[in-house]
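Its first residue numbered 140, the sequence shown is counted upward by one per residue in my numbering.
Simulated from the structure, these hints should not be mistaken for laboratory data.
What you were told as hints is all true, and nothing was included just to trick you.
Listed next, the in silico DSS-like pairs over lysine-lysine satisfying Cα-Cα at most 30 Å (straight line):
1. 229 <-> 184
2. 216 <-> 229
3. 184 <-> 216
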Amino acid sequence: MRRIFLAVCLILVSSLGSALAQPLRSIPANAQRATMTSLYNGSVKLGSTVYALAPGALIFTPENRILLPISVPQTTKVAYQLDSQGMVRKVWILAPEEVQ
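Generate coordinates for the entire structure from the input sequences, incorporating the hints supplied.
See the structure below:
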C-alpha cells in the first residue's frame, strides 16, 4: 500500500514540473503594444490616442489574472487589441521580460 502511495506521489510531482515549464500566457501576434495610462472614466490612453473600454473588456496581469479597470496601474506597458468598433477589448499588462 505504501509503495502505491509513493508511486502516485512521484507521478504527481513529475507532472507538476512539466506544468510549471509551460508558458503562462500567449499574447496574440497581432496585438499592438503601447504605454497605457488609465483615465478612470471608462477610457484609457494608449500611446497618444484615447480609447473607450469595450463593455466586458478584459485586462490581464502578467500572471494572467483578470484585473478590474479601476485596479490598473496609472501608467504601464501593455499589449492590446481593439474590437470592430475601435474600442479596447483585451489588454495584457506586460512583465518586464515581455517589454521589447
